[in-house]
Amino acid sequence: MSEKTLIIVKHDGVARGLIGEVVARFERVGLKIVAMELIQSTQDMGDSHYPVTEKWFTKVGERTLKEYTERGLDSNLLLGTSDAIEIGKLIKKWLVEYLNFGPVMAMVFEGPNAVMVGRKLAGDTIPAIAVPGTIRGDFGTDSVEFANEQKRPLYNIMHASGEVAEAKEEIALWFGNQELFDYDVLSAHFSGVKGRLAK
Amino acid sequence: MKKIDSIEQTFLMIKPDGVKRGLVGDIFKRVERMGLKVVATRMIWATREQAKGNYPGTDQWLYKMGEKTFTNYKGDEKALLEDLGTTDLLEIGKIVYKSLVDYLTEGPVIISVWEGNNAVDIIAKLMGETNPLTADIGSVRGDYGFDTPKMAVKSGRIVFKTLVHRSDSKEEAEREIKHWFGDKFKYLGDYKRVDYIGMI
Numbered sequence: 001m002s003e004k005t006l007i008i009v010k011h012d013g014v015a016r017g018l019i020g021e022v023v024a025r026f027e028r029v030g031l032k033i034v035a036m037e038l039i040q041s042t043q044d045m046g047d048s049h050y051p052v053t054e055k056w057f058t059k060v061g062e063r064t065l066k067e068y069t070e071r072g073l074d075s076n077l078l079l080g081t082s083d084a085i086e087i088g089k090l091i092k093k094w095l096v097e098y099l100n101f102g103p104v105m106a107m108v109f110e111g112p113n114a115v116m117v118g119r120k121l122a123g124d125t126i127p128a129i130a131v132p133g134t135i136r137g138d139f140g141t142d143s144v145e146f147a148n149e150q151k152r153p154l155y156n157i158m159h160a161s162g163e164v165a166e167a168k169e170e171i172a173l174w175f176g177n178q179e180l181f182d183y184d185v186l187s188a189h190f191s192g193v194k195g196r197l198a199k
Numbered sequence: 200m201k202k203i204d205s206i207e208q209t210f211l212m213i214k215p216d217g218v219k220r221g222l223v224g225d226i227f228k229r230v231e232r233m234g235l236k237v238v239a240t241r242m243i244w245a246t247r248e249q250a251k252g253n254y255p256g257t258d259q260w261l262y263k264m265g266e267k268t269f270t271n272y273k274g275d276e277k278a279l280l281e282d283l284g285t286t287d288l289l290e291i292g293k294i295v296y297k298s299l300v301d302y303l304t305e306g307p308v309i310i311s312v313w314e315g316n317n318a319v320d321i322i323a324k325l326m327g328e329t330n331p332l333t334a335d336i337g338s339v340r341g342d343y344g345f346d347t348p349k350m351a352v353k354s355g356r357i358v359f360k361t362l363v364h365r366s367d368s369k370e371e372a373e374r375e376i377k378h379w380f381g382d383k384f385k386y387l388g389d390y391k392r393v394d395y396i397g398m399i
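Just so you know, the protein sequences line up as chains A and B, in that order. Numbered by our numbering, the letters in the first sequence go through residues 1 to 199 in order. Numbered by our numbering, the letters in the second sequence go through residues 200 to 399 in order.
Watch out, some of these pointers could steer you wrong.
Said to hold, decoys possible - Taking lysine-lysine pairs in the DSSO-like style, the calculated list, with each CA pair at most 27 Å apart, reads:
{"hint": "1", "chain 1": "A", "residue 1": "K168", "chain 2": "B", "residue 2": "K383"}
{"hint": "2", "chain 1": "B", "residue 1": "K385", "chain 2": "A", "residue 2": "K199"}
{"hint": "3", "chain 1": "A", "residue 1": "K93", "chain 2": "B", "residue 2": "K219"}
{"hint": "4", "chain 1": "B", "residue 1": "K219", "chain 2": "A", "residue 2": "K120"}
{"hint": "5", "chain 1": "A", "residue 1": "K168", "chain 2": "B", "residue 2": "K385"}
{"hint": "6", "chain 1": "A", "residue 1": "K194", "chain 2": "B", "residue 2": "K360"}
{"hint": "7", "chain 1": "A", "residue 1": "K151", "chain 2": "B", "residue 2": "K353"}
{"hint": "8", "chain 1": "A", "residue 1": "K194", "chain 2": "B", "residue 2": "K219"}
{"hint": "9", "chain 1": "A", "residue 1": "K199", "chain 2": "B", "residue 2": "K349"}
{"hint": "10", "chain 1": "A", "residue 1": "K199", "chain 2": "B", "residue 2": "K353"}
{"hint": "11", "chain 1": "A", "residue 1": "K199", "chain 2": "B", "residue 2": "K219"}
{"hint": "12", "chain 1": "B", "residue 1": "K219", "chain 2": "A", "residue 2": "K168"}
{"hint": "13", "chain 1": "B", "residue 1": "K267", "chain 2": "A", "residue 2": "K120"}
No wet-lab data here; the hints were simulated from the structure. Model, not experiment: these values are computed from the prediction.
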């Protein structure tokens, strides 16, 4: 089934001139651009882009605490707290600042398994771990240690929706009532998108 | 910092054939690696009115378009009659105009504004001349173009596809940005492109 996913080239990617690089990789696998706009996100948009549930804060906070423990770091000393929810909220603040730092290229791509394919092309969220051949693996070296030391989120070039339901919410947030265009890219005639191979 | 006159804006559109062939990323890459900064981008599907407004559309202009076609046919009236059904220059101009609008509205396009040192001339050079057979290798049209006026006419499309449109001058850029973005234009160029760090 055809899906839609939200892809954002974040400001580090825009400033480094990596928009075309990201878009080209998505076009190359046959995904279709159905919306594209250079956007300066606002505080409200940034706040809404990341969840505000206690569950999400806890998840993010616990993940960070686990990383700290593994690396023998003291969250009290570095972040002023060891409470998972508090840490989750702090990280959300950093993420929103990063997203809003400057203009970003927001796009909706459509195609079979667009969400999963988008995650695959992006690579692991930690650039130092992302494998070569993925966008983050090819264009980043940022690490958790480095980011924590500077009290900021990982700079990882792009955002890709995590799941289909999330993509729907994110597309509504970034593109609102704007039209998502309905047309065919030429590769669709031979990629299965338009059905069986035909003469 | 002093105002640098040669830092200017230009308008670039990736036309429906460029979008459908999946060349948006490649074209952006070529412009980005010249250090140019994107200050606005949108995907739109032009209305016929909007596409019409991209050209002067006056009788004088239509006549000129007719003349151009006549020259392309080396004045062969028989061939003109066969392909276009008329030898009247104004009528031919109208047929060309309609075909230009058909082309620009056959699918969505990406409109963008780029800023940097000599942006107008740099983008003109990167896109190459419209004729794919003489466009430089390494230019967008030299690397991807294969359509010709002849193939377009024989296929009933009349005008040949050129992948992109870009401004000829600063003044034209200003008019085109207004025309294509309208009141949706928001300048988002208040940031640094890495290639310009330490340069200005």
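Hints violated by the structure (listed by number, smallest first): 2, 3, 7 and 13
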